[in-house]
Amino acid sequence: MTDSVGFPDTGSIAAEIARARRRRRREFVRRLLGHPSFLIGSVILLLHVTIAVLAPVLAPHGPTEINYRAILSPPSAQNWFGTDAFGRDVASRMIYGTRVSLRIALIVVLATGILGTLLGTLASYVRWLDGLIMRTLDGLMAFPGVLLAIALAAALGPSEMNAIIALTVTFTPRTARIVRASVLVVQGMQYVESAQAIGAGHGRIVFRYILANALSPLIVQLTFVFAVSIIAEAILSFVGVGPPPPAPSLGNIIAEGRSYVQEAWWIAVFPGLAIAIAVLGLNLMGDGLRDVIDPRQRPMGKGH
Amino acid sequence: MVTLATFLIMWLVPGDISAEIGGIDATPEDLAAIRERLGLDRPLWERAMLWYGNLFRGDLGYSYLLNRSVADAVLERLPVTLSLAALSLTMATLLGMLLGVIAAVRHNTWADQGAMVTALIGLSIPDFWFGIVLIILFGVHLGWFPTGGFVPLNEDFFGWARSMALPAFTLAITQMGVIARMTRSSMLDVLNQDYIRTARAKGMRRHTVIFRHALGNSMVPIVTVVGVITGVLLSGAVVIEIVFSLPGAGRLIVGAIQRRDFPIIQGGLLITACIFVVVNIIVDILYGLFDPRVRDDR
Chain A
7 MTDSVGFPDT GSIAAEIARA RRRRRREFVR RLLGHPSFLI GSVILLLHVT
57 IAVLAPVLAP HGPTEINYRA ILSPPSAQNW FGTDAFGRDV ASRMIYGTRV
107 SLRIALIVVL ATGILGTLLG TLASYVRWLD GLIMRTLDGL MAFPGVLLAI
157 ALAAALGPSE MNAIIALTVT FTPRTARIVR ASVLVVQGMQ YVESAQAIGA
207 GHGRIVFRYI LANALSPLIV QLTFVFAVSI IAEAILSFVG VGPPPPAPSL
257 GNIIAEGRSY VQEAWWIAVF PGLAIAIAVL GLNLMGDGLR DVIDPRQRPM
307 GKGH
Chain B
16 MVTLATFLIM WLVPGDISAE IGGIDATPED LAAIRERLGL DRPLWERAML
66 WYGNLFRGDL GYSYLLNRSV ADAVLERLPV TLSLAALSLT MATLLGMLLG
116 VIAAVRHNTW ADQGAMVTAL IGLSIPDFWF GIVLIILFGV HLGWFPTGGF
166 VPLNEDFFGW ARSMALPAFT LAITQMGVIA RMTRSSMLDV LNQDYIRTAR
216 AKGMRRHTVI FRHALGNSMV PIVTVVGVIT GVLLSGAVVI EIVFSLPGAG
266 RLIVGAIQRR DFPIIQGGLL ITACIFVVVN IIVDILYGLF DPRVRDDR
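Just so you know, the protein sequences line up as chains A and B, in that order. Just so you know, we're using the numbering used here here: the first sequence kicks off at 7 and counts up by one. Just so you know, we're using the numbering used here here: the second sequence kicks off at 16 and counts up by one.
Treat the hints as calculated values from the structure; they're not laboratory data. Here the structure is a predicted model, which is why all the values come from computation and not from measurement. Warning: the hint list may mix true and false statements.
As the list claims (entries may be wrong) - Simulated coverage check for chain B against chain A, where a stretch passes if three residues somewhere in it have a Cβ under 8 Å from a Cβ of chain A:
#1 94-108
#2 128-139
#3 256-267
#4 278-292
No residue lacks a Cβ here, since even glycine has one placed at the ideal position from N, Cα and C.
Kindly generate the complete structure, drawing on both the sequences and the hints.
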């Protein structure tokens, strides 16, 4: 077998590629975890997720447990964050509320990611659909985002599912636009042309060649959608078109607390603090991801 | 497109406006009469055609509930929203650019870190909640500012300033971060350019270089961000108006959404969308002012 000296057989090439890919992936994870803002951000998010998952274990009281002997009592050893107008424990309501708020935001992120990828890729890959899809999305973007979400949620009626739908419709256009821009760039790359030349089908080209190389801006965008969704859910609840009480969400606790700012500041203040911390964590993660994924594109992150 | 979408949304709306107008005592005949008066008995497409027809004559229709025309109702409340947005935009831009310039000039020092952490915290705070916190702090406990309500500018300037200070500051804080970060990265790019070194080398004062040369050449991305933020501020104003009980257009529209006052929603959203478009045009014009290259291309 003299051939194998000059031309290694395809098996060992494939193994070499697989090794290189694994090395790159390890390197990526190492750099991500070495990035301070990503690390701090993920710890914060992990904390919130843990609280959400373990809500029944962690909460000292039931979220709708009424106690008329402790109405509007200030923070104390029994009620860390005080009680509300029904004597319900604000801390317990926040713990359960985190669950609802994170669940809504997570589903919105997934739905926005899928829809955005689908529409963005269709718009850039199937040329004749481009105008139709993008003009429709531009139309949606002409509304102020909050108003669109409020109008949709109000039209559909206040419920968790409808809040999810309203937020997804509101956030998908911008996400689709980002995917489209990124797919357009990758589409023009030579390796896509060569894939077409060797006769790869549309499905293979789109998934293996284009999307695999075009999705990093989407991932960064989605961490920010996650952050904005948490705030937007709170706004919907605040206006009264989010998930309805008595089941708590971080937003509707604040909404209830707003009526008691004179006598019980703790009802509105603590859940908002929880939202701010969660959003801060997600923003930190997003910044870190952007730095590591694409060091050139740092319009808002670290300098040079 | 915008109006079409609102029609579709409203078509989804369950609930019957006639019941709300007629009150609890209304008989079915009363309700039918109300529906006929408002044209609600006609099919959706007919209502849509009628609305578009009126729109071309500059008529936005008549509110179901407020007993006045949509144009009057919205235009009366628009100044509150616009002045709130303008005030907070000014605050956000000044604060944001200040933070950004400090961060860029003192790059990689504690000042840089501090400015960026401030910006990030500003970005992460839910604005309506921050408004409530400010009300509790400065309205309820310290009593420096009113907890809500509005004093028209032409009646009492100081009253107006006091009633607008907290809402504008609330909106500004959350948007300041975006401007600060953009200013910083844009400034850093420019500060590394050769002409900055040349300017310093030929003995120009540090402040002149920073503000004239560096900041001047960093303006294009900053203007873009300010344009985007103007849109965000206009929609953020909606929620802030509710928090501080300001009689603005946003609160009018949200109230209309809750009470299904369809003409107000339709007309209000149309006017807001138009303002969005105008803002974008202004931003495009500003590009030309700040970037001679764009001007020359035309």
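Going through the hints against the structure:
Interface restraint, the region 94-108 of chain B with chain A: violated (0 residues with C-beta to C-beta distance below 8 Å; minimum three). Under the rule that three or more residues need a Cβ within less than 8 Å of chain A, the assignment of the region 128-139 of chain B holds, with 4 such residues. With 3 residues having a beta carbon nearer than 8 Å to a beta carbon of chain A, the region 256-267 of chain B meets the requirement of three or more and the stated coverage holds. With a threshold of 8 Å between beta carbons, the proposed coverage of the region 278-292 of chain B by chain A holds, since 6 of its residues qualify and at least three are required.
The structure fails to meet hint 1 from the earlier list, while all remaining hints are met.
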